[in-house]
Every structure is written in C-alpha cells, then in structure tokens.
Amino acid sequence: MKIRNREHAAKNELSMTSMIDIVFLLLIFFVMTFKIVELEGDFSVRMPLASDSTSVVDPTDLPLKLRLQATETGGLASVSLNDIRLGNDDEAFEQLRANVIGLVGADAPLDDEDGPEIEIDTDFNLRYEHVIRAITAVSGYKEGDQVVKLIERIKFAKPRRN
Amino acid sequence: MRVKSKKVDLAEGDLTPMIDMTFQLIAFFMVLINFAQTEANDNVVLPSSRLVKPPEVPLEFPIILHVAQDGQVFLGGDDYTAETLRIGLQRELSVIRAEGKSVDDANVIIRAHQDCAAGEVQEIIRVAQDEQLTNFALRVKEDRR
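Line order of the protein sequences matches chains G and C. Every letter in the first sequence is one number past the one before it in numbering that gives the first Met the number 0, and letter 154, counting from 1, is 153. Every letter in the second sequence is one number past the one before it in numbering that gives the first Met the number 0, and letter 106, counting from 1, is 105.
Calculated directly from the structure, the hints in this document are not laboratory data. It cannot be assumed that every hint is accurate.
What the hints assert, rightly or not - Straight-line alpha carbon distances no greater than 20 Å define the calculated PhoX-like cross-link-like pairs of lysine-lysine that follow:
(1) G:Lys64 to G:Lys141
(2) C:Lys52 to C:Lys140
(3) G:Lys34 to G:Lys154
(4) G:Lys64 to G:Lys157
(5) C:Lys140 to G:Lys64
(6) C:Lys140 to G:Lys141
(7) G:Lys141 to C:Lys100
(8) C:Lys100 to G:Lys34
(9) G:Lys148 to C:Lys100
For reference, chain G alone in the conformation it holds in the complex (with noise of 0.2 Å):
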C-alpha cells in the first residue's frame, strides 16, 4: 500500500509580533524615566525660636559671627569671622577654616548642646552657593575619607533687606 507523505505539518510557531511591542514599550518607558541619581546631604541649620527668659549670657557662649558680603552682582565682596576680614575668594575659605580650627580645637567637638556656635549673617543678594560653601568651611574638613567636624551648631541671623 503506497503511503502518502503527508503535507508539510504545520508548525505551531508563538507569535512574536506582540510580545516585541510590549518590550519595547517598557524599554521607552524606562528610558524616559530613567534619571541619574546624585547623592544628596543636609547640613542641620537649629533656629530655636527666642526665649523670654532674662537669664545672664555668659559671655563666652556668645556665638561666632561670620560675615558675609555680597557685590550687587551677588559675587563674594568679603568673608569677616568676628569682624576679621578674610578676603572674598577659595583661600578666604581656606583662611576661614583655619581660623575656625584656631578659635575651638581640632578636637571632637562637643555634644549638639554645648559645642560652639556660629551665626552667619550674610547679605540678601548673596548667592546662596557662597553660603554653604561657608557652611562647609565651618562645618568641618575630610582627611582622607574621614570627615572631621568643628562646628555643628549654625545659626542665620535676621535677613537683612537692601
């Protein structure tokens, strides 16, 4: 009995064309929302609201007075730390630091509480980039990947209106 091949059988093939569509529209989608993340940091700024109390200040807890200048332009003018002008340019924070470190130890600082303070008082017009690089000046310095801290407590004083 002759035996008839059969035909070619027909191949069960998935199809593909959906599943590609799908996948691509999840690519698209995380692309677009892709977005590259940059480490982001606090300094604590404590703003304790005014006291009625009239306790006698020891004149020693007085806080450190930074001052800042600003041009018109809101450019640097001058860098003063208790009315010591330091210059308005990198080595003006350099300067700074190193006064910071002269007046309260390279030492571990002091509990939140009872380590020394600093009260900037800047200009209106200032750009703010000055002032936390100020704030990063007082704050502490890196020594190889350790971060040594000097002043903990900051403080803003009024804002001052042109």
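Chain C: place on chain G using the hints.
Below, chain C without anything else, positioned relative to chain G:
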C-alpha cells in the same frame, strides 16, 4: 504539462539576540529606576559640598521646600512666595498634628537653587520660625571630588 509550484522561502531574521538584548536593557533600567526622585524639582540645581553624606535614616516628618533661582518656593505641588508660604506650611502642619505629632517633630528640608539669593532662604526660615518650626536642613549634593 504539469508545472510544479515553487515554495518561496521567506527570509526570516533571527530575532533571538535582539530580544535578549532588549530584555537586558529593561532589566538594567528597572534596577536603576528610582521612584524617590519625586523629591527633586527641575527648577532647582543644588549647590555641592564635600562634607555631606546621604543620611542613613531619612528625616521624620519632612516638609520639603524647593526654592527656585528667582525665590519662588515649591511645596507639595503648589508654588508660593516667601510671603504666602505661611499658608502652605500651616496646611502641612495640620497634617502632622492630625498624625498626633507636634511641630517639634517636623523637619523643614530646604532645597534651594545654588544661584538664588541667600536672603530668600533666610526669609523662608523666618516664616517657618513664625510657625514654631525649629528644625531645618539645608540640602546640598555630595561632591565626591
């Protein structure tokens, strides 16, 4: 005469490597995607500092204020000026109080543009102080140089 019909072979490309690569790309982006970016604001370019490190534990009850270059303040999707910010802060504080916490538990995180006027940030702190807020954090980006 009988004519044999020729079967034309369709030239099908092999899609396997492309699908492999596409799945790898998807896996890459899925791992790196960060939905916590909702904290960020396109109007703000943070200043940088070498001393800061990302906090190990996020601050509790944060009130995040984005300060644009022109001093405009963004809080929870609405924009304010230093003068009108009081309304937004009161709204946030009412939420915190509703959770049974006090004003002292709230932390104001200020994300200010590097070129905005420092006085604007001071004004914002003053307005927040008027609402009895005392804990502030100035957010900067980590400079790894």
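Cross-check of the supplied hints:
Restraint check for G:Lys64 and G:Lys141: the C-alpha separation of about 23 Å exceeds 20 Å, so the hint is violated. Distance hint between C:Lys52 and C:Lys140 is fulfilled; the C-alpha atoms sit about 9 Å from each other, no more than 20 Å. Taking the CA atoms of G:Lys34 and G:Lys154, the gap is about 34 Å. The hint is violated against a cut of 20 Å. Distance restraint check for G:Lys64 and G:Lys157: the Cα-Cα separation of roughly 13 Å lies within the 20 Å cut-off, and the hinted pair is therefore satisfied.
Restraint check for C:Lys140 and G:Lys64: the C-alpha separation of about 26 Å exceeds 20 Å, so the hint is violated. About 16 Å separates the Cα atoms of C:Lys140 and G:Lys141, which keeps this hinted pair within 20 Å; it holds. Restraint check: the Cα-Cα separation between G:Lys141 and C:Lys100 comes to about 37 Å, which exceeds 20 Å; the hinted pair is violated. As the CA atoms of C:Lys100 and G:Lys34 are separated by approximately 34 Å, the hinted pair breaks the 20 Å bound.
A distance of roughly 31 Å separates the Cα atoms of G:Lys148 and C:Lys100; the hinted pair therefore is violated under the 20 Å criterion.
Taken one by one, the earlier hints fail for this structure at numbers 1, 3, 5, 7, 8 and 9, listed in ascending order.
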